[in-house]
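Input sequences plus hints: build the corresponding full structure.
Residue numbers (this note's numbering), protein chains in the order written: chain A, 6 to 247; chain B, 6 to 247.
Since the hints were derived computationally from the structure, they do not count as laboratory data. Keep in mind that the hints are not guaranteed to be accurate.
Identical copies carry no separate label here, and so any pair may be met within one copy or between two of them.
Unchecked claim - Below, a list of computed lysine-lysine pairs in the DSS-like style, where the Cα atoms sit at most 27 Å apart:
#: 1; residue 1: Lys64; residue 2: Lys215
#: 2; residue 1: Lys65; residue 2: Lys78
#: 3; residue 1: Lys65; residue 2: Lys201
#: 4; residue 1: Lys77; residue 2: Lys243
#: 5; residue 1: Lys141; residue 2: Lys198
#: 6; residue 1: Lys215; residue 2: Lys65
#: 7; residue 1: Lys55; residue 2: Lys198
#: 8; residue 1: Lys207; residue 2: Lys172
#: 9; residue 1: Lys207; residue 2: Lys141
#: 10; residue 1: Lys168; residue 2: Lys243
#: 11; residue 1: Lys50; residue 2: Lys242
#: 12; residue 1: Lys78; residue 2: Lys141
#: 13; residue 1: Lys172; residue 2: Lys242
#: 14; residue 1: Lys64; residue 2: Lys193
There are 2 protein chains.
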Amino acid sequence: MNNIEICLAPKLIDNYRLDNKIIVIVDILRATTIITTLFENGLAKLIPVKSLEEAESYKKQGFLVAAERNGKKVDFADFGNSPFEFTPDRVENETLVYSTTNGTNTINLVRNANEVIIASFLNLRSVVEYLVKQNKDVLILCSGWMQDFCTEDFLFSGAITEKLIRKNNFSFDSDQVQSALDLWRIAKNDLSKYIKKLFQYKRLMQFGFKEIIDYCFQFNLSEVLPVMEENHIIDLKKIAPT
Amino acid sequence: MNNIEICLAPKLIDNYRLDNKIIVIVDILRATTIITTLFENGLAKLIPVKSLEEAESYKKQGFLVAAERNGKKVDFADFGNSPFEFTPDRVENETLVYSTTNGTNTINLVRNANEVIIASFLNLRSVVEYLVKQNKDVLILCSGWMQDFCTEDFLFSGAITEKLIRKNNFSFDSDQVQSALDLWRIAKNDLSKYIKKLFQYKRLMQFGFKEIIDYCFQFNLSEVLPVMEENHIIDLKKIAPT
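Okay, structure coming up:
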């Protein structure tokens, strides 16, 4: 029986063992949703970096760079943090360097784990199918907000859990997982209504980002499976189509 | 309007400002439930200590000591961690030194805050009445389990929130608070059934602690209001009865 765990925020990651598990990184608003979009639109390789200094150094070497802090595009960058910027004509077959407030920091926290994948509502089915096939323990790592809990990543963890436990070979023994599952079961009945309660919903609506929010809560728009490989991320489906 | 926040686990406390707020410490299973019980049974003063070395040093000076680690009474201690040990004949008008796996560590984390109170289901009404009267911002600090989230403290935070927001002068803008409230609203309809899902329920049942669990989820058995004062805790109701 494979075990499911959820780490609610990056600051809690030291409470978990990373070995012999698949780490599933979640940052619904918006890093992992954007990474899914990038590969859906044909990106070849993504290099997540923590600091803006690193991002700028890559830019000087001629790389395409996406970088935001607190929701705003950084001056030197080619892209900000809207999923709609990353159109196929701009990213297909390219390598992109990517730095965000929360999401890429989370990725860097677990870069030494054996196996790290990137999940969002957009590629939920693809992620679940992969986890079932791999048949290993799963640790879902929520990027959260400002190093703390956020509801959208927690809900999504509940969504993954619901799908995994329908398979015979997944279970859990965790308050985090049970609570995520219970909250997801309330929220999913009317997700577009429930998300109006989110802190990030209210914050992003102030910037006029309604279309971006709606985009991030769409199911199964993409079949990609972004995985970490050394210091970069690639689409496993592109290498080994199933 | 007074703000409500919830810190889900001690490791996240650095994400919060502690000034000009009332910090409400929660460790339902079992430190804050036991502290409520102690004052209900007439204790004069409680000294929370972090390490067993400190606890043993107090013991050598002749103090009464309660100390447990991972649910088991420590050898040199007079009391372990069952609320039923602290009968009035043993604690009335006494000073007790107290050290537990989670709860007393949490208390020590915020001992420099302006105002710290101790809450459990047993004194929920008393806590809420006090918070309403004080009319200040509130930070509920969950002790959790092994430095991480636990559902019972989260649910209780939802219960406090539900009662506070019925008053005109409390609100929140926090994913933690919204999620705690939503989960509490599921759980409260059949609390004795819901708590069977808790990790700690299953763990404590293995030790045969059903009566202890049931005791910890009783509402309003006590009107005490334990508050932090320098390095110790006293019952505010005893000093200034309302």
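Taking the hints in turn, this is what the structure says about them:
1. Lys64 - Lys215: neither (30 Å within a copy, 62 Å between copies)
2. Lys65 - Lys78: Result: close within a single copy only, 17 Å intra versus 62 Å inter.
3. Lys65 - Lys201: neither (41 Å within a copy, 58 Å between copies)
4. Lys77 - Lys243: neither (31 Å within a copy, 54 Å between copies)
5. Lys141 - Lys198: The answer is neither: 34 Å in one copy and 31 Å across copies each exceed 27 Å.
6. Lys215 - Lys65: Result: close neither inside a copy nor across copies, 34 Å intra and 65 Å inter.
7. Lys55 - Lys198: For Lys55 and Lys198, the Cα distance exceeds 27 Å both inside one copy (34 Å) and across copies (45 Å).
8. Lys207 - Lys172: between (36 Å within a copy, 23 Å between copies)
9. Lys207 - Lys141: between (37 Å within a copy, 24 Å between copies)
10. Lys168 - Lys243: For Lys168 and Lys243, only the intra-copy Cα distance (24 Å) is at most 27 Å; the inter-copy one is 53 Å.
11. Lys50 - Lys242: Intra 13 Å, inter 64 Å, cutoff 27 Å: intra-copy only.
12. Lys78 - Lys141: For Lys78 and Lys141, the Cα distance exceeds 27 Å both inside one copy (38 Å) and across copies (38 Å).
13. Lys172 - Lys242: Answer is within; shortest intra-copy Cα gap is 22 Å, inter-copy 54 Å.
14. Lys64 - Lys193: neither (41 Å within a copy, 54 Å between copies)
The structure fails to meet hints 1, 3, 4, 5, 6, 7, 12 and 14 from the earlier list, while all remaining hints are met.
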